[in-house]
Structure formats: structure tokens, C-alpha cells
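Since chain A is already given, all that's left is putting chains L and S on it; use the hints.
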Amino acid sequence: MVLETQKALLKSDGTRLDDRLPTYVRPAFLKTGAVKVAAGSAYAEFGSTKVIVSVYGPRESKKAQAFSDIGRLNCDVKFTSFATPLRGKAGQDIGDKEFSVLLHKALEGAVDLHSFPKTTVDVFALVLQSDGGDLPAIITCASMALADAGIVMRDIVAAISLSCVGKNLLLDPTYKEETQEDGSVMVAIMTSRREITQVTLTGEWSSTKASEALELCSDACQKLGESVFLVPKVCIEEIGNFAIFQLPRPPLRN
Amino acid sequence: MAVEEASGSASVVKDVASSMEVEAFRRLFPLQYIERYLDSAVRPDGRPLGRARPTDVVLGQVPTTDGSALVRLGNTTMLAGVKLELCVPSAETPDQGRIAIDFQMPPICSPHVRPGRPAEDACAINEQLSIVLASSQLLDLRQLSITSGKSAWVAYLDIYCLNADGSLLDAALLASAAALMDLQIPTVSINNDGKVQIVSSREKQDQPMVDAEEGQETKSKFVEGRSLKLGPVPVALTCMLHKKHLLADPTAEEEAVLQTVLVVVLDSPDKLISLYKPGGQVVATTSTVMDCIALTRLRLKEVHSILEEATQTHEED
Amino acid sequence: MVVGLSAAEKVYIAGGIAADIRGDGRGRHQFREFNIDTSVIPQANGSARICLGGTDVIASVKAELSVPPPGRPNHGKLEISVECSPTAAPEFEGRGGEELSMDLSRALQRSFLGGTSGAGAAIDLAALSIVEGKLCWALYIDGLVLSSDGNLLDALSIAMKAALSNCGLPKVEIIGGTSPEEEPDYELSGNPEEFTRLETSLVPVIVTLTKVGKHYIVDATAEEESQMTAAVSVAVNKKGSVCGLTKRGGTGLDTSVLLDMISVAKRHSAVLRRALAFAGLFSSPNVEKRPVSFCLLLFRRLDANGCRTK
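Protein chains in written order, with UniProt numbering: chain A, 1 to 254; chain L, 1 to 317; chain S, 1 to 310.
Isolated chain A (complex conformation):
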């Protein structure tokens, strides 16, 4: 059965169904300023995974919340009902809630909460289309939106996921690859400081494989972060609206 799935996801020449090598990420498209009415916003596309994140605030905290010296970061993730091939499947509340929590955890280490005391910064995400790697796309996009809103951050956060299918490690998996995975890793990294803000791992991994996967992810995040860093600058200087970044391809590992 293992052989069967491997055959289905990898072609005879070792490339994936979308012609990528296992350690390649999908072409990414990143742009800030997607939602004009927001304080800051960004749009990200990783293959056919498409997300919009907008940032509001700093603004008054909800009245019900207790007093807090430092600022709050409030995250919320929603899916459109047509994000997945089956209508409304991704819109289940539990999944959304978990994504919101994980997004918060990935960002809170990078945002300087002391810079907006007593107030709240809202980070809202909408997944327009879901095709694997949704959460890392949201995290990367959200950190760009925060930068666009001028929120003080220690660093840009970039995130990437990886699926383990049989013996293969597939970087930046599609939905199809995710449904057949034996294990997965998601890593969010502050790219200049090289610090992991959020990491999750599922499935059974030997130590060597786990460290290989973590290194593969952090390398990819690093490269993604370098590209992301350019985007806000482009917008500040107002050189055109669009900036397309094809990620540099990491060398193939054996």
C-alpha cells in the first residue's frame, strides 16, 4: 500500500505531480496592500493556495477584556465556503479556531506587544482557496500584513510545511499530498534571527529524519523570508503594485 501511494505522488523520474522536485516549494506570489480600508494587508499565493490577511489597529480593546499593560494580538482565520473542492468542508469551526490559535502563537513572539500598550491589534485572515499548506501561507502573509500596517516587529516570520510520504520528504505539500502523508512538520521562523516561533510535528519520525525535516523547513523559510523582506520595501517606495517572487530553488538532497 505504501508503494502505491508513493507511485501516485511521485513520478518515475522522482518529480512530483506538479513537476516539482521533492525539495522545491511552489511558486509564490506575495503582495501588500490588498485591502485598502485596513491599516495593513497582504495577499499571498502559494501554488493554488490563496489567502488574504488584513490588520486593523492598534485600536481599543474589547470592553469585556481585562486590563492589560501590554498590547494584545487578536487573530482570526476564516475559510470561504468554496475554498475546498467539497463545499463548506474547510469552514468547520473547530479547524478555524485551531488555525487562529496557531497563527497567534506563530506571531506573538515576533510582534513587540509593548509598543502598543492597552490596545489590540487584530489580524484577520480569509482563505480564498485551500490547496495544502494553508497555515504556513497564512502566517507568512500575516507577518507581511503586520509590517504593512507599521506594527513594530522584531522580525518577519516566514513559515513552511513539509509532508513525509513513505521515505520521501515533500516540501510545501499540496492538498493531495497532505491527505496521503504519514507525518507532517510545520515550522515558522523569524528569518533574520533564525529563531523558531512555532513548530508542530505529527506522525512517527526517527531523530535523524526529524532533524533533516526541520533543517529543510528552516532553510526554505530562510529563502522565503528573504523574498518577503523585499515586499514591504517595494510598497513603501511605491514601485508598482505587483511584485512576483519565484523562490530560489534549494539544491536537491539525496
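To be clear, the hints were calculated from the coordinates, so they are not data collected in a lab.
Each hint should be verified, as a subset may be incorrect.
Heads up, simulated DSSO-like pairs for lysine-lysine below, C-alpha to C-alpha not over 30 Å straight-line [unchecked claim]:
no.	chain 1	residue 1	chain 2	residue 2
1	L	K243	A	K36
2	L	K195	S	K134
3	A	K167	S	K77
4	L	K195	L	K271
5	A	K176	S	K134
6	A	K167	A	K11
7	S	K134	A	K209
8	A	K167	A	K118
9	S	K214	S	K171
10	S	K171	A	K209
Frame of chain A; chains L and S shown alone:
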């Protein structure tokens, strides 16, 4: 109350205004800021009073749907998607399919929407959209029927507001119509028991297609996929009445401070689908209403040509 | 978690950890003594309660007959959820415990359920299948936090492992309906002596390393957790494979630190597992109906022999 106070001390405002930066004036006295523009017959974004913002329509943006459209009306952005599912038609209307409309304002679209509870505006617009689509002849639900009394399509039309900057109904209606224009009904096969199955495009290539008439010989018959034949597209125009001024297609900033809103929906120059005026301070006279309708007539022509262009561009791609 | 720690208390906690002698006399890499009771809930198929210092949790396993999950006809089902009792801590009242419950549930699911293909799950899912494509066991593992004094996740994972080892599945006799078209016809054995045990050797245990200042500690108390900058929970099974990884706390961690934490967690998990196996001797099937208590007083010695990290 703030508005009253401000207008009460109009002379103070004028004095302050002359010494204040534009951006500060705009934030502190939003009404006076806009009124100043209106008095010189121009809008803060440079438009004449009666003109709508530039409008873009792009079809077929979301491959996971059966039909989709992205509409931009100035900064207001709407993404509409239609998904088809099989259903059994109700007993009262055996030869009709169904359409389910859902308009959503996710928290990303506006600073006023917070997660947890749906925005008030969203409910109102959802209701208006449903009424307009039901009363216009845009979509004849009989086209969604497959076999009378046994199977039909239910079309889930979901409209997401990505950026709320005024005149939401106009944009939402345009997005809905465009998504329906883009809608492709998939090919289905009907076997002898009347069981309907969707035939994917790959299977279609494998199996030689059979016409419905010839299909009698084979086990199951095919109903070829098609796009819908739509009636005239209804077009909405939100008009704002303020003192003696009449503004078309207001932005969120204008909507927030001006007095009365009036929405006109037409589907051809002489056919009124809906007229909506929810209270407000200015009592609209008949002639003002006629002016609004006249503006909508102009807009109707404009929108129809935009839609035509969008369809052509889409076909070329 | 803990409200109102004075500045002096904070310094005391951090200073103690830096000096490798914590408030209760433990070193940085020592667990608290713990106590496991099994078969604490008679209605459940398996249950266990663990008291780890002031932390008190119960795990129960309920087995039900069910239909295999779509797309995987030869697998059974495994579901995990955690609830925090409002009496456990003042902040769990009302909706306060919800987020923590979800965090704990997700971390345990991540560690116990394996990948989406079902590979690497704590219990071999294929072993839960009864009739392919038609009938299987569904195991519902529930955790309940009765009292909270830090390190809930490790305690829950130990309780769940013990509850799974304690779990007995009644014998199912297939009478007919094995052909693909028919509905399966089965009979559930009423004899309490007739049951099968689960193979639980691959169920992982979770070790959480909490970083306070420059050092990291195992088995943090609530007071120590309140001073943490980051915590990493690593699930490790018998083979030494990492089965799940969850990070808490906002501060970033260097990749090398993370890898180091994983290897330290692995060493600790070996000791924990040995202690659990020891406890397991007393809950063999023959003495099934008698609640078993086993106080791991020897645990510190085990720690000294098996896992002195420094």
C-alpha cells in the same frame, strides 16, 4: 451629537479649517470636509457627483467553483463563487432547481466587522440580494432542472466582501450576476433508474459522447454540459441624498456621514426591479427619485458593456 | 497561570533553576514523584489516574463498535479529547478552560494519531479493524484535568498510555455477513473474562521541556510555568522515534536548541517508560478488577541511574 455640535459652531470650524492640515480636518470634521467638496460639485476622490467609480469584472478566478467572479468597484471588492450540487426538486416545483444565496462580510473587509457575530449590513444586503435575484428574470430556475421531479441542481452562490468601501449592494449584485454568467453546468449521465452522476472531463474524453436521443440505446444517457442562458442583468445603483446634492455610488466615508440612501435596481432602461429607501433624514421628492432612476439608467448601460467586455476577455484566455 | 508572584518570588524561581536546585529540592532534570491508579472508572473499558505532585488527571478509554473511516476500510478509529474541570484552577471557570482544553487535545492528537494516512499512530489502527470496510472498534480516549499544578500534557499522556494498557476489548464473534454485500452480523461476548488487550508498546509518552531563563527544566510546576519563555513538548515512543512536537510560548528558539531539546526529551522518555512498565506489572489481566496503586518512590533513583543529564 458630534455632528450637531460641529455644525452649530460653523464659523469656528471655518476658522479652524483655514489653519488646519487637510488630513486632520478630514478626521475631525468629516461632514464639513465632504460638504466643502460637494459645494464645488466634486467628490473627495475627484469624481463628479453622479458618476460611479471605475469598475472591473474578472470571471473564472476560483477553480474550485463551477463559476466565479471578482468585482472591483473602486476599492470595494467582491468575490462570488457558485457551486453546484445535485438535489431532489421540491414537490411544488418539480421542474425547477434551487439557488441558495449567502452574502458574507468576513472580518478582513472592514474595521467595523469583528469576528464572532455577523455584521448587520451583511444580513440586510443578503436579504436585498435574494429579493432582487428572485424578482428579476436573470435566472430562470427551470434551467437548473435535470429530470422533472427527480433531480435538479442546487446552486450555492456565496459572495464574500473582501474590501468594504461603500455601495456594497451594487458590487455584490454585479458579482453575483457575473458568477452566474461564468457558471458551467457539468455534463451528467442519467442511467435507466434515473440516477444522475456527474461526468468528469476526463471520463468525457474516454467515452465517446452520445446525444440525448441516441443515448436511449446505451445504458445511460448523457446531458451535455452548458452555460446558463441568462435574462437581462439587473444593475443596482446606490444613491446618496444630502441637502440639495445627489451622489451616485458613495464610498464608505461618504456613507458614514451623509443623510439618506436610496437604492435603485433596473434590469432594462424602462424596467424597475427594486427601489429601496430605508428612512433617513431627507424626504425624497418624486423628482429626486426620478433623478436617481435616470442616473441608474446611465449606469445600467455602463455595467452591461463592462460585463460584455469581461466575458470576451474571459473567452479569449 | 499563577497570579501575583512577587518580584522576589520570581527571582527565587529563576535563580533556583539557574543553580540547578528548584523550589522543591529537585534538580532541573528531575520529575516529581507520581502515583498511578488503574481501573478507576468501572464503566470505561480502561482508565487510569495519575497524581504528579499537585497535578491530578484521569484518562479513560471507551470502546464502541463503529464503521471504518471513509477511504481506509481496514482501519479503526481513535479519538482524543481533554476537558479541564472548573474546579482544577480558578481560571478554568466559565469559558476559561476551553482554550487550554483545545490546546491540550490538539497536542495529544498530534502525538497519538499519526499522519493523515494513519501511519505512526499510537495504536496500530489496523488492529482495531474487525470486518474490513464494515466493522471496527472506535476508541474514545478522554482526559479530565482534576487539579492543575503544571505539566498537564505529560501527565495526560502518561495517564492515557496507562489507560490504554489497562483497556480490554470484549470479544466480538462474527456470525455471518462477511461477504461484501451483506451487513455484518455479530455477537458481543458477555463474559467479562473474555477480552483482548491492546498492543500499547508503541504508545508515546510526552516530555515537556520548559525554558526559564537560559536553562530548561522537566516537569515544571505551575509557578515555574508562569516564568517560562518557551516550552517544547516532545512525544517519544519505544523505538525512540519522535511522534509529535508542540511548542508553547511566544519566544523564538534556535534550531540547534530545538534539536538539543528533542534529544534530551528522548532520554527522559526512556526513564518514564521504564517506570510505567514497572507499574504495568501490577496491572496484569489477572488482577484486572482490583484497582492498582503503585507509588513510584523509586523514581528518583531510576532517574539517577538512567538519566543524569549532567
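Which of the numbered hints are not met once you compare them with the structure shown?
-> 4, 7, 8, 9, 10
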